[in-house]
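I would like the entire structure built from these sequences, with the hints used as guidance.
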Amino acid sequence: MIRLSGIHKTYGTRSGPVQVLRDVNLTIDYGERVGILGRNGAGKSTLIRLISGAEFPTSGTIERDMSVSWPLAFGGAFQGTLTGYDNLRFICRIYGVDPANKVAFVEEFSELGIYLREPVKTYSSGMRARLAFAISMVIEFDCFLIDEIIAVGDASFHEKCNRELFELRKERAMIIVSHNAAYIKDHCTRAAVLSKGELFHLPTLDQAFEFYHQSMTAAA
Amino acid sequence: MDQQAQASAVPGLGRSWSIQRRIIWALVLREMMTRYGRHNIGFLWLFVEPMLFTLGVAALWTATQSVHGSDLPIIAFAITGYSSVLLWRNMPARCIGALAPNLSLLYHRNVRPIDIYVARLLLEVAGATMSFITLVLFFWSFGGLDMPEDVLQVAGGWVMLGWFGAGLALFLGALSEVSETIDKLWHPASYLLFPLSGAAYLVDALPKAAQDVVLWLPMVHGVEFLREGYFGSQVTAHYDMVYMALCNVALTILGLAQVRKISRTVVPE
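Chain order of the listed sequences is Z and W.
For what it's worth, the numbering used here labels the leading residue of the first sequence as 1, then goes sequentially.
For what it's worth, the numbering used here labels the leading residue of the second sequence as 221, then goes sequentially.
The hints are simulated quantities; they were obtained by calculation from the structure and are not laboratory data.
Watch out, some of these pointers could steer you wrong.
List time: in silico EDC-like cross-link candidates among lysine to aspartate or glutamate, alpha-carbon distance up to 16 Å [unchecked claim]:
1. Lys170(Z) x Glu32(Z)
2. Lys121(Z) x Glu489(W)
3. Lys185(Z) x Glu210(Z)
4. Lys185(Z) x Asp206(Z)
5. Lys44(Z) x Glu489(W)
None of these values were measured; they are calculated from a predicted model.
Right under this line is the structure:
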């Protein structure tokens, strides 16, 4: 279970403090797949970084009694100056996993071939996404945090990602943040909407989508 | 898999110790890879680079018949002096602005700023130490240098200088995340501190008034202590290791406190 209670997050900016999250409460149990909808700038990525533990809330508490992944996104969490192989080894060392058994999977999934020996900064965004996703699947977690990971790549890549996440790991908990309602609809058991720093829980998926569209039109 | 409820800036002992060690080792290897890569002599640069510095300075001082206020051989003087400068001076240089190139790694909950600093400090200490030992052995094998009279005291002085550098590096490194001025000021400061640091003179050769001034600098005590260990009766050393230890403790506490502070606010990219 992961429980967020009374989370506030404020960033200091040149124009003074800006409150990004306001009194956010959220509980996720084993096996639940929760979608969090929000427009660009609603605070989705901040929320997911707080859940992962990469950042700390300004106030409020986060309890975790299951292992939680880093925010799986198409870019971050990797080192551009290192090669694909070195990034894999680094991540394995951090999480205490033997990289020897994982090389074959990453080679096959990422289809990067000889480019695994090149620095990641020379990759295109599609190549980066393939590497990032492949390495993410090397470490097992009870709960995966997914930050728009499917936003890049072609159809066959999407298919492979979906198989790894939603078929092979369908019993795991997941938190998926996206601005894409269709994606949340396909993969989540419930959804919440993040709007202007507040998280609104709605009883059904359909009500969540309706609320999301209303909040978008209201803002536009 | 890790079940650590929350990673604090200064982790508790016990359970998190093995995670900590794993993370720091991973960062050390990563750092060696990005800094030295797999090209030509690779990670040997770790100590070849400081060695070249020390050799250059030794050659320069020999050529200019540098006045250092003693009848010690100039090679021995340069190696003990400049090696210790490299030890305490490179650590702050490597820790200032150290987080920026590593921000993406902070996405992994167990990688905290303190780990990034410690990894860099370990590498600097290893490089400076290997360079010092290699140079001593090299010149000794050609008869250009005698072995230290008291190896333990030399090691003691070296440890104290390393501790001083590490404390200073943590403090300035973490402070540089809050204020860019630190980076700007450190360059002139480190430049100006070099001639004052005791590397290029013996305190005993200075007039009394100047001695009282330079002995405010903690690293002078370390270098004097180290030189006494190395040359023994040939030099009259001036030092107060209690004073230096107190300075080191103060710097370490300030450093850890500042690292803890920025750890709560740093935003991974």
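Going through the hints against the structure:
1. Lys170(Z) x Glu32(Z): 9 Å, holds
2. Lys121(Z) x Glu489(W): At roughly 15 Å apart (the allowed maximum being 16 Å), Glu489(W) and Lys121(Z) satisfy the hint.
3. Lys185(Z) x Glu210(Z): This hinted pair holds, its Cα atoms lying about 12 Å apart.
4. Lys185(Z) x Asp206(Z): 9 Å, holds
5. Lys44(Z) x Glu489(W): 14 Å, holds
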